[in-house]
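Please model the complete structure; the sequences and the hints are all you need to start from.
In this text, residue positions in the sequence shown follow my numbering: the first is 576, and each later residue adds one.
FYI, nobody ran anything at the bench for these hints, they're computed from the structure. Treat the hints loosely; a few may be bogus.
List time: in silico EDC-like cross-link candidates among lysine to aspartate or glutamate, alpha-carbon distance up to 20 Å [as the list claims (entries may be wrong)]:
id, residue 1, residue 2
1, 1387, 1081
2, 1040, 1050
3, 1842, 1813
4, 1231, 1215
5, 1227, 1279
6, 1825, 1629
7, 922, 874
8, 1467, 994
9, 1078, 1398
10, 1219, 1260
11, 1216, 1247
12, 1611, 861
13, 1350, 1120
14, 1714, 1672
15, 1836, 1813
16, 1403, 1070
17, 1293, 1303
18, 669, 847
19, 1216, 1260
20, 1385, 1374
21, 1842, 1672
22, 1169, 1199
23, 1464, 1009
24, 1108, 1377
25, 922, 947
26, 1751, 1701
27, 1467, 996
28, 1077, 1405
29, 767, 831
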Amino acid sequence: MKNSEVMSCRLDMTHRARKEIGNWAIDENELFSMQDHFDVYIEKLPAKQDNMTFSFYFDPQANVRLATHLKERVAVMECVYKNEGFLATSFRVKGRKEPVRTNRRLGVRLAFAVNRRTGSPMPIQLYTSLRELPVAIERSAYVEKRIASWEGYLRIEEKNADVADITAHFSQAHVNDSFSQLTITCSGLEAKDWNAITGFSAKLKGSGDDLGNVVNVNRGKRTVKIELSRKYQAVARRGSLLPKDAREIVFSNFAELSQIRRLRKGFKDLQDGFAANANLEKILFEERPVVQITNKRLELEFHHPLNEFQREAVTGAMSANDLYVIQGPPGTGKTTVISELCHQLMKAGQRTLVASQSNLAVDNALGRLLSDPGIRILRYGRTESIEEEGKRFIEENVALHWRDETLAAVNEQRENRADRERQISLELEQIQREMDRLEAEMEAVEQQIVEKNAAAVEIRELTEKLEVLQQQQQEISGKQISLEEQQATLTEMAEQLSFAIKKSEEQLEAHSFTPELHEKLADVEQRLATHQKMLRYFQTVEAIDYAEIAVRRLEEETGVKRAKRGPLTRFVEELTPVRKLQDVEGLFATHQLKPSLSTSLEMNALRRLRVEIVNGTYPYALLEWNEVAERLSNGIGYAEKLLKKYLYPVEKVRSKQNDKYNTPEEMHEMLDKISRFFVLPATKELLAMPANPKKSALLHRLAENLAYLYGKAEEVQKHASHIKTSSDREASGRFTALKDEIMDEMRAELRELENEEQRSEQAINEHVEQLRKLKEESSALAQFVDEQVNLPDVENAIEELEKELAEFEKRKGLFQQAENILEENTRKADDTAKQLLAVQEELASLLNEKSELASDIQTVENRVHGLQKIVQLEPENRRKEIVAETGEKEKKAASLQKELAQLPIARALQDEWSELLANASDFDLDEIRKLYVKHANVIGTTCVASARKDFMEDYPTFDVVIIDEVSKATPPELLLPMLKGKKIVLVGDHHQLPPLVGRETMEEFIEEIKDADEKKELRGMLKESLFERLFRSLPKQNKTMLGIQYRMHEKIMETIAPFYVDGKYRLQCGLDDSDAARDHGLTSRYLRRDDHLLWFDMPNEPAYFEAQVKGGTSLYNDAELQKVKELLFDIEEATGLAKREGRMPADAKKSVGVISFYGEQVKRIDRLIEQEIMPKHLHCRTGSVDKFQGMEMDIIILSFVRNHQQPSGTIGFAEDYRRLNVALSRAKELLIVVGSADMFTNRPKKAETKAMYGRLVDQVKQLGGFKELVLENSERNG
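Laid out in structure tokens, this is it:
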């Protein structure tokens, strides 16, 4: 809140708040005048009566004067938003440890205007922030409900940790040189106790504090090694660790239980809003968490060489505001990305926490940072759990490590000092020789510049001349092109015209018109005219019939209109004297007329009004006054009765007027007041008394009220009478208006009927005249028609004659057209010949001129080309270079002279530094340690260790928290480091194994849960991890996948590549040459140099079946054990041969991991290696697939174990694709599978399981690495 704007707001006080403030100050004005403004954190409470309610927490660290006045305690003020300001309802002072800042509270800087009724309203940005602020208790309830499902993890851990304390006698206590560990010899421990106490806390019997934690036990020597807590390390340094009489020690699992309690405290901190990242609860619980997206990408300079995916991951994480997720498939360089990210955060001045489920992952990430002097690493955790790489950075070692590193650097500089003096002298001599050479070169360059300038002047002159010549050449070329185009065009035109003339002559001959054709044309025209007259006769006869029909229709319509006009005329005449609505309605019915819509609506309205008048039901206003009149009448009656009862002369009371109550509402209010007065107990009591002055005054007051009631009754009567009269007048006026409207409508309709009659008569006359003309024309045409002629024959004849006539006209037109074209083409051909001759003569002259001009241009260009060679030498650039080189040499010489002069000073300082560092006392080292710890910018710890109390107190928040191997940690383990991060970066791979929590145990626990929502959520967490959900649902700006792996040979990588096909993501191999980079160098009975993926198949036969250990549930497979043994012997021999032939260094060992899905198989392989194989050239390591996650070896042998013919077809643990993914991705150079292909590709019930293993078998077979075992008949029969 350092740079926050100060906002002003009004603050009013309730009586309670003012009284409570009075306990701490004279009044609120004194309290709020202590500072100009206050830093407060506002928490939203549930609304009260639809008003926003808040608690103001005054920050004691920022509000120094107020905190001093309140003795460093926390002031809390409850307020309600009111009148665009705050109303304080209470004021309390809480203890010094009361939390002030949470992510549910709004931090603002306020200046309070106390008890000011006027002033500026609340700033809109403050009001908006308060409106959007969530209600804290509701958010807490939401988190509490959602986090309840995580309890399952803690209850299982609690169940496993609930072990009774173990007490033992001890002797021979010994503290190591670094005072970090205590070793004691114990007695009285049973066998099971020796196995159980590793990891337990240890304390002296009767003491309240733990000495530390048990890190190692040796039952044979009966010793227990305890890592001391920081407190007891300091005690040990003082030499007083154990009292002389101390002989008993108590081992307790209380630390584990305490850790679980701290995990629960993490739940509570999240619930109460103490997460450094305010968005954390949404990230954890919402299906699609809303994160603050930024499209602005930072421009970074990378410290490490990174591929495109790694650069994207680092840039994305640095650019993100609150969350970034990185999926890192096996071998893709997650550790490199984390190291680069720590480097970038260090440059940005931010403190980073690197956490993981395992110590190995933390130390791997920190190990990459050793080369960066700007990063100060601090490793936190139990010393024995930390890898050697990380132990130098634990708090007790950092000072010594820094001292040793710095001393080594200083001594190296001291040793190089004499050599440096000689080197500086030699460099100075070399610089002087270079300066002499540059001076000589400068003279030659200056002469070149003079020659270049002269050449440049001549080039400009020649260039101007050349431009003129080239311009002339361009003009001539343009004219040449134009003339050549004209010549070609005219030549083409002449050829086209010659062809067209010939064509026109042929067409003229073809379309000539003979005398016989002229006679035939005249005959056709005469016959066509006769038939057209016949057609016209038939058309006039038809038109006469249509005209007669039209005349009759018009005469009928005119008669109808005349008949309709009669009733309308009589209606108008009879309407004038009508005075009643029912008479008007009767007229409409008598003359069978319908009123218009508007008339009908008005008649209905008048009818309702008439009914109201007849029934006495006037408008609502009259009803209101009638109601008042009734109440007045009742009131007057009651008052008169009461006065008469007490013998008051009512007849003397006269009406009085009062202007105070005028409307019905006001009169009702007046009557209510009078009624309430007379029902008061005091009034009744006074009236019941004997006559006295007070009673007389009361009766007189009643008489006065009666007089006013008389007056109001008269006034109400006048109002009612006025409303009734107005209603009657309204009804009369509306009836008159209705009659006028009806009269206007009827007269308009009469005028329209008269106009229509006139139009009809005019139309009849026009049709009669047309009929007369048609009959005359028909009589004239009748001579051309006899009885044998009919209309269809005439129409057909006309159609045929018109076709003949069209053919004649077409032939005639073509002849005329051909004649015109021939004449026009002949004229054009003559003109074209003349134009072509003129163009040919002009073109010949132009070509001669162009040849002379080209010769002149060539001469000028040759001269310019020679001069340009001189100009292009650019001696000016060399002169600048010489000047720059000379300046650099001079600077370097001056710098060397200065360094030479300062060498004695540096020698003295380095000698002093060396002596101080070499002789640093314990006090000096402790001071170095304190400074280092204070300024450490990268802290590394495990998720579990971050739950320790001292770590939580020392490091409450970090700018960025990076959590590696997120998929391997449970949600409660992840929560504690996540609580600390303002920004969180999660690195993991949801396609590898989830946390090591017994699935059956979790599922049994789920079945015991009663809450259906909690049960559903926990099942969802088992099905889809937090990391997987985030990677699926986050926007692309907040996630990425590292898509290039560097661990495996490309052929091995292809076995896991299908697990990483998702949209744009697909796994690639980053090795330029896999065969060279991952050459195992072995050749043997079973192996070739180019083998990288092998499968030794076990038949699905009884002799090769699995077996179950007696008294247990784990499985093993003897047949596969035998094959593993053969392979290990083979690899051991092949490695020895590779050394002898020089393919491997003589002292090198090939790392081989032998893994299985079952622990019993791993135990037997372990014994096999230790007791039978005893390799000399191999570094062998065994383990379950789950335990091998995160490891890598040169060669991996994977034993599947499962092989049977049970109907269930189960393959147990191997069904999980994530477990197979881990198993296949551990090998760098060679992966060998030992198992039954038939069992894993055909027996399982799930189709996806068959397909998964079927794909693996196909890949091995395509590479020629599938090795089948040939069975004898006896073996087949078991």
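Index of numbered hints that the structure contradicts, given in increasing order:
Of the numbered hints, 14, 22 do not hold.
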